[in-house]
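Chains F and L, in that order, are what the protein sequence lines are.
Here the numbering used here is used: the first sequence runs in plain steps of one and ends on residue 289.
Here the numbering used here is used: the second sequence runs in plain steps of one and ends on residue 578.
Check before you lean on any hint, since a few could be wrong.
[What the hints assert, rightly or not] Chain F side only, calculated, beta carbon under 10 Å to chain L, not exhaustive:
1) Ile12
2) Ser35
3) Thr47
4) Phe199
5) Cys203
6) Thr225
7) Pro231
8) Tyr268
9) Ile272
10) Ala276
11) Leu279
12) Val283
13) Glu284
14) Leu287
[What the hints assert, rightly or not] Quick list of in silico lysine-lysine cross-link-like pairs, DSS-like style, CA-CA up to 25 Å:
15) Lys543(L) to Lys285(F)
16) Lys574(L) to Lys253(F)
17) Lys574(L) to Lys102(F)
18) Lys426(L) to Lys207(F)
19) Lys314(L) to Lys25(F)
20) Lys285(F) to Lys542(L)
21) Lys574(L) to Lys254(F)
22) Lys285(F) to Lys555(L)
23) Lys314(L) to Lys285(F)
24) Lys207(F) to Lys219(F)
25) Lys496(L) to Lys266(F)
Derived from the structure by calculation, the hints contain no laboratory data.
In this text, all values refer to a predicted model and were calculated from it rather than measured experimentally.
A virtual CB, placed ideally from N, CA and C, is assigned to each residue, including glycine.
2 protein chains.
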Amino acid sequence: MDAISNCWFSEIQDELWPGQSFSLKVKQLLHREKSKFQDIQLVETETYGRCLILDGIIQCTSRDEFSYQEMISFLPLCCHPNPEKVLIVGGGDGGVAREVVKHPMVKEVHQVEIDDRVVELSKKYLPGMACGFESNKLKLTIGDGFDYMKNHKNEFDVIITDSSDPIGPAVSLFQENYYGLLKNALKEGGIVCSQGGSFWLDCDYVKKTMNGCGLHFPKVAYAVTSVPSYPCGHIGFIIGSLDANKCLQDPVKKFDPREIDLLNLKYYTSQIHSAAFSLPRWVEKHLYS
Amino acid sequence: MDAISNCWFSEIQDELWPGQSFSLKVKQLLHREKSKFQDIQLVETETYGRCLILDGIIQCTSRDEFSYQEMISFLPLCCHPNPEKVLIVGGGDGGVAREVVKHPMVKEVHQVEIDDRVVELSKKYLPGMACGFESNKLKLTIGDGFDYMKNHKNEFDVIITDSSDPIGPAVSLFQENYYGLLKNALKEGGIVCSQGGSFWLDCDYVKKTMNGCGLHFPKVAYAVTSVPSYPCGHIGFIIGSLDANKCLQDPVKKFDPREIDLLNLKYYTSQIHSAAFSLPRWVEKHLYS
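Please model the complete structure; the sequences and the hints are all you need to start from.
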């Protein structure tokens, strides 16, 4: 099976998800280039809208991206009593920024993305996500997340790490010392949320990342959301809180259905928030015992 | 893209999931035949274990089948105060029978499957599922579910329809008159649970099926579970209750973690039961308003 043949793009990744592949029928390759950091493709698919592919891995499609973007943003935001100042690491397509700025308590959003080409190409080809960059709450920095956090201590209420998978440029964002930096950049009671992989693909890796987080954060949990264009059709999040008494499954800010609709949230609700932390028995045993 | 090339099996279905395809790397084709009803393939995959494929559509893999089998069984069983007598329609691989007979209140299980070749081949190639047929609680009938139910009125506490997708032999199992037959075969307060498709693939079809169920059942709900080898990585269930006051999200029988482990349930818990009914905001609005 080739990566692209007969108008299909197939996501093949022998290290992260051997033996399985998700394919999308492609109407048109819109753009392809090698940036300083990665291979970037933008394709128009037949039934999933526009799709961003980095180093051969699907990052988002117009059809289902809102599930990921809303959940990685509102899970931590709604666990914090007053999320005024937020940092986004990664998220070059703008989708997480779009969601974070919606939250009525958020006053200031800082974002640090390593690859300006992802930002520029998203503005051109993924305007439904890149609209996040237009908010006057947002300040975007092109640079390295590690360096940025070393220079910003005790500043943020919530930090969201919207990274690609733990291979290539994003691998360090899953390691224990990254969680040490996150902790130092947070204010008291701060909360972090990171893309955390799939329990179906590699439950050991999820546990390892949670353990790394747990060395710096007294409260750690794992939640999932359904995203058809991601491997195994879902993605997990690792959430850490500096407040040891925090129940992450129970949002402190509960939006009612009318508010959810006014915020134009298509996926997230308070019920979905809690449900996201309910894990299959074998996963619960593997991660929490 | 061909259905099988270079050792990959690709699930292509232009009517039900156009423009997307899930592929599994195949180590060996174990068996292929055309039965009276369908094309049957059994393959050994590289990372998903054994896989049953009917008319080119993946029915189950050893790696993730327990999610589907446990949830389609325990969601309705745990909503019923005393599920003594259960009917399974379809389920020729034996996986649902394996789960249903575990429930300590279940005394008698009847199963009617149309294709004896699926049963025989599952006994040979999928012993981990077909072990369900060995229970002395179970009576298996080879025949048509419609005919069977016409001759069995007011008999069952729970009826589970474990069908393939609404194309080919199973299409009638999604229609309104099928729910009329189910109702007549149930005792007072009875509960039905059917494979109900994916909200990502076709939310209108889910709603249509729920409406058909709703013509005969005063309480209807939709729940989902994560199954990587199904299209969009999940599958839904439509659950109907003859008890108008039933809250399907809240199991009447709550097994504690020790009981869950003794029953060898790897996926289902009481928390997962409730979480399965929490739907994304757009789906909730589409199905319930």
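(request) Quickly compare the C-alpha distance for Lys314(L) and Lys25(F) to 25 Å and report which way the hint goes. (result) Roughly 19 Å separates the two Cα atoms, so the pair holds.
(request) Would you check the hint for Lys285(F) and Lys542(L), treating anything up to 25 Å between C-alpha atoms as holding? (result) Distance ~21 Å between Lys285(F) and Lys542(L) Cα, so the pair holds.
(request) Please verify that hint: Val283(F), Cβ, nearest Cβ of chain L, below 10 Å or not. (result) holds (9 Å)
(request) Tell me if Glu284(F) is really an interface residue toward chain L, meaning its C-beta lies closer than 10 Å to one of theirs. (result) holds (7 Å)
(request) Would you settle whether the hint for Ala276(F) is holds or violated, based on the nearest Cβ-Cβ distance to chain L being less than 10 Å? (result) holds (8 Å)
(message) Next item in the hint list is Thr225(F). Is there a CB on chain L closer than 10 Å to its CB?
(response) holds (9 Å)
(request) Classify the hint on Ile12(F) as holds or violated, based on whether any CB of chain L lies nearer than 10 Å to its CB. (result) holds (9 Å)
(message) Just to be careful: measuring from the Cβ of Leu279(F) to every Cβ in chain L, is the smallest value less than 10 Å?
(response) holds (8 Å)
(request) Mind checking the CB of Tyr268(F) against every CB in chain L and telling me if the closest is under 10 Å? (result) Hint on Tyr268(F): holds, closest Cβ of chain L at ~7 Å, below 10 Å.
(message) Given the hinted pair Lys574(L) and Lys253(F), is their Cα-Cα distance within 25 Å?
(response) Cα-Cα ~21 Å, so holds.
(message) Tell me if the interface restraint on Ile272(F) is satisfied: Cβ within less than 10 Å of some Cβ in chain L.
(response) OK, holds: Ile272(F) within 10 Å of chain L, min 5 Å.
(request) Double-check Pro231(F) for me: the hint is only fine if its C-beta lies closer than 10 Å to a C-beta in chain L. (result) holds (8 Å)
Checked against the numbered hints above, the structure violates hints 2, 5, 14, 18, 23; every other hint is satisfied.
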